[in-house]
Every structure is written in structure tokens, then in C-alpha cells.
Amino acid sequence: MITLKNVSKIFGDRTVLRDITFEIAKGEVICLIGSSGSGKSTLLRCINGLERHDGGDITVEGIPVSPQTLKGVRSKIAMVFQRFNLFPHRTALQNVIEGPVHVLGRAPRDAEKAGRSLLERVGLGDRCDAYPSELSGGEQQRVGIARALAMNPTAILFDEPTSALDPERVGEVLKVMRGVAADGITMIVVTHEMSFARQVADRVLFMDDGYIVENGSAEEVLTRPRVARTREFLDRVLNPV
Amino acid sequence: MLNQFLADAVEFLPTLLSGLGLTVGITITALLVSVILGLTWALMGMSKFAVVRGISRTVINVVRGIPIIVQLFYIYFVLPELGIRLDAFLAGALGLGIAYSVYQAENFRAGFASVDPSLLEAAQSLGMSEHTILRRVIFPLAIRVSLPPFGNTAIMLLKDSSIASTITVAELTRAGQLLAASTFKNMSIYTLIALLYLLMSLPLTFMVSGLERRFKRK
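Chains as they are written, first to last, in numbering that gives the first Met the number 0: chain A, 0 to 240; chain B, 0 to 217.
If you're looking for bench data, these hints aren't it; they were derived computationally from the structure.
Keep in mind it's a predicted model, so treat the numbers as computed, not measured.
It is possible that some hints are incorrect.
As the list claims (entries may be wrong) - Keeping only pairs whose Cα atoms sit at most 30 angstroms apart, straight-line, the calculated BS3-like set for lysine-lysine is: (1) A:K75 with B:K215; (2) A:K174 with A:K112; (3) A:K4 with A:K25; (4) A:K25 with A:K112; (5) A:K4 with A:K112; (6) A:K75 with A:K25; (7) A:K70 with B:K47; (8) A:K25 with A:K70; (9) A:K112 with B:K215.
What the hints assert, rightly or not - Negatives, chain B to chain A, calculated, CB over 10 angstroms: (10) R143; (11) L146; (12) P148; (13) I166.
As the list claims (entries may be wrong) - Residues from chain A that face chain B, not an exhaustive set, calculated with beta carbons under 10 angstroms: (14) L49; (15) R51; (16) V72; (17) S74; (18) R82; (19) N84; (20) L85; (21) G98; (22) L233.
For each residue, glycine too, the CB sits at the ideal point set by N, CA and C.
One chain only, chain A, in its complex shape (with noise of 0.2 angstroms):
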């Protein structure tokens, strides 16, 4: 459902993204990982049009990604951000209806209904009407992902989301992410979760210096890589003493 080939992208005299070429079959869950300023969030920016490509082309549905198409790109892919971004302005349910009410058009008592059960299948019945500030860090990411949700989107793009919490509260976050992909949701992450990685992951990309270096199954990529670079990330993650 979503292309992307021969995909460069440029900041300044710096490139981070060189000659990304793959697909994503609809309900893949993918997992990218890579050392910091690889180029992993970039990539997963230029999928949503938070960053336009330079060169090579990216589609999703068969629509490729340029300004004119962007609306109808976001309102089939959803972006669950590292810092939770919340609308610190409005309490979790109202984070959660903003998407359906205000692009989607839906009537807000039906939006409601619908944010309820979200936030209830998130773990926060409880808390719909807390603002962004009285929740932790997990439950403004899982209302996060409740947002994305409400948009009932064909993926989700993940970027770092559990890098932010705290380790006690990345548990909740992962979990309610196996829920999102049991029902069958794409889902494009970057993460240095790498357990998450071999249980939930389809597929696993390596990115290094702005090239996919390694492009299979969790268990070909984690266990054995075909390069060195992807060996000495994974030891450094994976035994980080």
C-alpha cells in the first residue's frame, strides 16, 4: 500500500536519505532501526509529507505524496510522534475527537462516542477529561495513539515512541502497539525496542547513513545480519555495558 522508490532527501549540503527503494504490503507491521541521524525519522516524515522528498517518488495507495495530494495522504496515514505532541489546550478525549470533528466532519456526539472506546481500548476509560499535563508520559502516548486511531487509518506511522517515557512505562505503550497490530493495522516504526522488533515486526529495515542496509525478516535482520554495520548496532544496543 505504500511505495517508495529511489527516495533521496537533502538537507542543506547534508544527505540523509539515498536511494530508498521498498514497499509495504497493506497490514505489515515494519520496523526500522538504526543509530541515530541515519535517517530513520526523516524517511518516516517523508511518508506523511512532514518533510517533501527531493528525489525519487513515494506513494501510498497508489496516490504519490506531493503538496497538491497531502490532505488525502494524512487522512489515510495517522503519525504517533516521540514527544506525544498532545494539544496541551484540550483533555484527552478532546485530543482524540479533533481529527474525526475537525477534517473528517464527523458529528461530534457520534466523535465522542467513538473517542470514548478508543480511549477505553487504550487503557483510559478513566481519563477522558484529564488534560495533557495530568497524564504520565505512557498514557499521553497511549492517548496519542488513541488520536491516531480516531482517524481510522489504513497505517500508523510510529516515530521513536516509546523513547521518551520512562522505562517503567514503555510496557503499556508496547502493548497497546500489539494491539493495534493484531487488527491488522500497517504500521511503519521507527524504535530501538528491539524485542518489540522480533516479536511484532513482519519485516525489519537497518538504515545506515541514509541507505537501507537490510531489508527482512525480524529474524534474518536480528540474528543474522548480513553486514558488519548492522552486527556492531545491534551489539552496541543490545549490550549497551
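Since the structure of chain A is provided, determine the placement of chain B on it from the hints.
Relative to chain A, chain B alone:
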């Protein structure tokens, strides 16, 4: 002495109150003009086009660099020579509104700048149009930051409306001046004027701090 003051108050208040009416009228009109123009300068200042940003910056620097009284003289005395004739009230309200729009622009700019860009990305990723992002994300967040300085600006504008007296608007200060000149009751009259200005500015202060508290809760 107090009795004398009260007697003077009864005698002069009706005249002063009609002046006060004009002061309120000028202040509200000028405030409206300053908000509309200030918002325009602030939005132009955020434009992606350098020319538009340049115009906004130039207007702000020029208007800020000229004394308000000179701006009023210009509108009231010079524009008629160019064929644009405004009555004193309109010239005063418009002039004060333009003069104050640059301070309002700064208040609004600070408010817009306070909005975390990551929230704009969240809004974009939901597929919001630029207009919806302004209405649903930027304005409601910016107003929390803009409101306290906005309150100060409004109070300053209320007091500076007395400058309109220099172009013959018989607002509160001018009305009092005329009374004082004919009765020589300077102490009573200027005390009354000071009290009347306070009576108008204090509620404004309370209103702003009330609104601030309401926003802060969220």
C-alpha cells in the same frame, strides 16, 4: 474641603461624563483597529514570502518611531490637504489604532512564537488545513501568552486616548481642561479626571487577570 469637592463634583460631573463617553468611544474604536491591524502585521510577519515579512517589519518600525501626537496631527491636519478629510473623533480613533497596532503586533507575535512547532506537525499529520490549524491550535494557545501584555496595552491606550484632545476631540481630559480654564477649580477637576480614569482602568485590570486565571487552569 471635602464638602467643597463634593459640591464641585456634582456641578462638573455631567460635563466630565460626556467627555468620558467620548474617551470610552475612542478607546474601544482604537482598540478594535489596533487588534485588526496588529493581527495583520503579526500574520504578515510569519509569511513565507520575504516581501510580505519586509512590509510588516517596515510598517512596525516606521509607526513605532513616530510620536503618537505627530501621527494624529498628520491624519487630522495633513491628510485634508491630500483630500482625505476625517472628523476629529475618527481621526483620533484611527490614529491611535494605527499607533497601537504595532504594539499589538508584538503581543500577537510573542503569542504565535510560543506555540510549540511540534503541535503544528501533529495538526498537519491529522490532515488539518492551514486555516483549521490557525483556528484550532495556534489562536487558542497564542492567546494565553498574548493576553497579559494585551491587557497592559489596552490600559495604556485608554490613557493615551487623552492625546486626541490635541486634535479638538472633547474627551475626558479636554472637557476637564476647558472646565478648569473657565472656573479655575484645578484641584477638584483634575482630581475628578484622575479618579474617572482609574475607575475605567481598574476593572480592565481585574478583567484581564480573571481571564488569565481561567486560561491557566487548563
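Quiz item: Hint by hint, which ones does the structure fall short of?
Solution: 1, 5, 10, 15 and 22
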